[in-house]
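What follows is the residue order along each chain.
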Amino acid sequence: MNGSATSVLAAPSVVDSRLSRQRVHQRLGVEGLLIRLLITLFAVWLGAFLVLPLLQVLLRSLQSKTGEFVGLANYVAYFATPAISRALGNSLYVSIVSMVVTVGLALVYAYALVRTTMPGRGILRTLAMLPIFAPSLMQALAFIYIFGNNGIFTRLTGINIRLYGSTGIIMSEVFYAFPHVLIVLITAFSLADARLYEAAQALGASSRRIFFTVTLPSIRYGLISAAFVAFTLAITDFGAPKVVGGDYDVLATDIYNKVIGQQDFGMGATISVLLLIPAVLAFIIDRIVQRRQVAQVTASSTPLGPKRHGRVTQAVFFAYCLLIVGFILSVYGVVLVGAFAKNWPYDFSFTLKHFDFYSMGGYKVLWNSLQMATITALIGTILVFCSAYLVEKTKVWAQGRSVVYLLSIMPLAIPGTVLGLAYIFSFNDPRSPINFLYGTMGILVLSTIVHYYTVPYLTATTALKQIDPEFEAIGASLDAPFYRTFWRVTVPMALPAIISIAMYFFLNAMVTISAAVFLFVPGKELAALAVMLLDDSGESAQAMAMSSLIISIGLGARVVFYLLTRGIERRSQAWTRR
Amino acid sequence: MSSKESYLRIVHITKTFGTFVALNDVSLTVNEGELVCILGPSGCGKTTLLRIIAGLEEQNVGEIYQSGKDISRLPPRQRDFGIVFQSYALFPNLTAAENIAYGLENRRVPKEKIRARVAELLTLVGLPNSGPKFPSQLSGGEQQRIALARALAVSPGLLLLDEPLSALDARVRVALRLEIKRLQRHVGVTTIFVTHDQEEALVLADRIVVLNRGRIEQVGTPEEIYRSPATTFVADFVGLMNFLPGRAGDRPDRVYCDRLELRCADLHRLAPDTPVTLAIRPEDVRVSHIDPSAPNLVRGRVRETEFLGSFYRVTLTLDGVETARLIAEVSTNEIRDQSICPGMTLPVSLPPDLLRVYPEFARVSQ
Ligand SMILES: Nc1ncnc2c1ncn2[C@@H]1O[C@H](COP(=O)(O)OP(=O)(O)O)[C@@H](O)[C@H]1O
Ligand SMILES: [Mg+2]
Chain H
1 MNGSATSVLA APSVVDSRLS RQRVHQRLGV EGLLIRLLIT LFAVWLGAFL VLPLLQVLLR
61 SLQSKTGEFV GLANYVAYFA TPAISRALGN SLYVSIVSMV VTVGLALVYA YALVRTTMPG
121 RGILRTLAML PIFAPSLMQA LAFIYIFGNN GIFTRLTGIN IRLYGSTGII MSEVFYAFPH
181 VLIVLITAFS LADARLYEAA QALGASSRRI FFTVTLPSIR YGLISAAFVA FTLAITDFGA
241 PKVVGGDYDV LATDIYNKVI GQQDFGMGAT ISVLLLIPAV LAFIIDRIVQ RRQVAQVTAS
301 STPLGPKRHG RVTQAVFFAY CLLIVGFILS VYGVVLVGAF AKNWPYDFSF TLKHFDFYSM
361 GGYKVLWNSL QMATITALIG TILVFCSAYL VEKTKVWAQG RSVVYLLSIM PLAIPGTVLG
421 LAYIFSFNDP RSPINFLYGT MGILVLSTIV HYYTVPYLTA TTALKQIDPE FEAIGASLDA
481 PFYRTFWRVT VPMALPAIIS IAMYFFLNAM VTISAAVFLF VPGKELAALA VMLLDDSGES
541 AQAMAMSSLI ISIGLGARVV FYLLTRGIER RSQAWTRR
Chain R
1 MSSKESYLRI VHITKTFGTF VALNDVSLTV NEGELVCILG PSGCGKTTLL RIIAGLEEQN
61 VGEIYQSGKD ISRLPPRQRD FGIVFQSYAL FPNLTAAENI AYGLENRRVP KEKIRARVAE
121 LLTLVGLPNS GPKFPSQLSG GEQQRIALAR ALAVSPGLLL LDEPLSALDA RVRVALRLEI
181 KRLQRHVGVT TIFVTHDQEE ALVLADRIVV LNRGRIEQVG TPEEIYRSPA TTFVADFVGL
241 MNFLPGRAGD RPDRVYCDRL ELRCADLHRL APDTPVTLAI RPEDVRVSHI DPSAPNLVRG
301 RVRETEFLGS FYRVTLTLDG VETARLIAEV STNEIRDQSI CPGMTLPVSL PPDLLRVYPE
361 FARVSQ
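The listed protein sequences correspond, in order, to chains H and R. Each residue of the first sequence is one higher than the one before, counting from 1 in this note's numbering. Each residue of the second sequence is one higher than the one before, counting from 1 in this note's numbering.
Treat the hints as calculated values from the structure; they're not laboratory data. Glycine included, every Cβ here is placed at the ideal spot set by N, Cα and C. Careful: at least some of the hints might be erroneous.
Here's a subset of chain H near chain R, in silico, CB distances under 7 Å, partners left out [what the hints assert, rightly or not]:
1) Ile260
2) Gly261
3) Thr351
4) Leu352
5) Ala476
Cut-off 30 Å, straight-line C-alpha distance, at most; resulting in silico cross-link-like pairs (DSSO-like, lysine-lysine) [said to hold, decoys possible]:
6) H/Lys395 x R/Lys181
7) R/Lys181 x R/Lys133
8) R/Lys69 x H/Lys393
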């Protein structure tokens, strides 16, 4: 035969088990070192600004007011005082009710958008997203203008719905969470497998039967995700309970009252830990479910499109959507009218006087917000995209990358108020090496980036996964350092995702208050905070005026980002055209 | 073997994924300027081997030497190779010319020279006017040509191709594989070409490495692989083969197939009656122009004939062999001359020098 290596005897593929633990490790080289260094930096950064502050909260919850270690005494005291611990039950109650209502409302809305052929689905979808542009306390203010003791609805109909308390909080949370939940459910409906429907129809199942036996089961993971989103938004929200809660205490406001009102940091930390528990639980459940959902969508499933329903059914869906959009628009309308009316609800004549913000020092807060949001969008986008790239596209140091991944998805479970308190503990300590950031715009930027880190991170990861995994190998074979291929190929290809990440950071930075409320110092107020402060000092018309400016900036930014995306798409059309 | 020097030496490479053994003690030498095809069924470890050579995967044990230098522990960027994937992996946001220039730019080649080299390569792959086009404006075959040009632009010492033709339609595939062969000859680059398509390997390769379940089954020229497959796996995987159950005879040049005694040139050195597998290619089974004194002459009966254009595939049973059928490829002319049709009997010759004998335990069950 021939002289080369041949193995006539095909021995069974068994290798010494020691072999499988062995590896010929490649030399790191400068690039390998650089990548490791970057991964380490990200882990350290997230460790320092996420994990350490949270550990401080945990530690403080075990300390007395004066800083001595007291074990679980704070927790015992918490549950021993019904007047305080009531907030836990309240929080759970309003969160669960808002969750059920939001998911119910959004489920029908999403179904109508995805599955029916009713007219105006595009515009109905866009308008339903409006609440994203407003700080969560804005709708609470608007509800007071409509349903409050002196509200226009109350005055016109004589019906007082007793807004202050759980009713007002639930209404606000539903309004606030609706678009977020809607996005999740639209995705779930779109991913449902069309073949199942066709099979069910072929078997002659009725529409209702199909809905309960096919539709609901096939979106069950989406439903759980949606419930998680609604629950988490409600239980962690600070704005609405602050404005419309009255004496109905919930955890998020309780932390604020204990810390800012009574300077009781130990109890504030204790309540923070209690607020963390349901949020983290919901987060873990959602993670598990998400993993299942990925497995459910197979390559062979056919996505679901709209389908003509009966005329009456379509009309009912259409009327329903109009009702919801009408409600959203009237809330915005009330904000606008409230901002420009001389004296709601007595004198509706036009005025601009609410726009001078004399008590806030004029437009400085708006400028602060704009500055903060821009810096947040810029730095946040760079950090998020680079860390997602390192985790997703580099090959070295699997353990380091999985640490960064874990730390990057953690923030989703951390309520803003808890993060804010945690930052006080970390930054306000004169011994802390990062104390210099306290009271600067830097700390607001940092807290906002960390608070909103996860969603953009997952967006970046998804975008990166869609890019051919061999590009890095090709780059290396052509002697390109990894950062060159990153810059020349990966970034241009992911530009649409990068822009949407920047927009997410910007919009959220414009409306966030939950962490910022602990971290601002006089002179560094943000516009969304100003809404709260104005309302606190009884200047609700100015609060409305400020809200409408925030919304305008948000919408303006949306348009700018839209044009940017369009521009990029036009430029990249050259290389995506077939 | 060839008189040229060995360029790439792969020594005892083993690779596992968890408990799964993807490559089991693979050793191989590739000569300078040679085109070696790694051939094997899907999942046998071809890609893994290629990626280890490129440094894109780390082996558990084993070394790799490229032009005498130990590269086993070098990261991909420090190795000297060009690579082409099945998915083309062209950078979609760069034009064809920019894709080809990518590697040259990394080496700080002056702009003038880059332009000249890109034009040269575009011509070389037969797409002189496609430089300004984006990958999405090119057909699959054209994209793969650009990918090839991109890999060759920096004149790598080693060219690695991972099933570069598998994503293309049959016609383009046949045209492009000749092109690749021509290019490889022209450039003279040492090349490893991974494929699961035996025809591709036979046409392209200077030498073929047959891989099965992470192990090398045989290394040889296309003729050697086809004419003298070392194992039943190779015999089965490359080309068509008749397999007949048999027993060793009492002399090394004798075997039995059922009640039939046959002579074989492939000496077996086995104890009498040891079970063996006999193999013969369909085109080696003779049914006409047979010398009556020829050895291994058997009476056969035609069971079926199947028309395949230039030849017929004839299914036969042999007198004295109850347990197996034999397939012969017979030219259309012979069929007509002898008016072969189902049911007729005729003499069949199994030339001893074309009959292969495999010890039974060498049979590789898939
Ligand atoms: N990263 C990996 N993790 C686990 N198993 C792998 C991985 N890559 C390849 N394998 C397994 O190793 C075997 C060989 O894979 P591969 O080299 O891609 O085969 P081929 O290219 O010959 O089709 C396959 O069974 C595959 O499932
Ligand atoms: Mg492969």
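(request) Kindly indicate which numbered hints from before are broken by the structure, ordering the numbers from low to high. (result) 1, 2, 3, 4, 6
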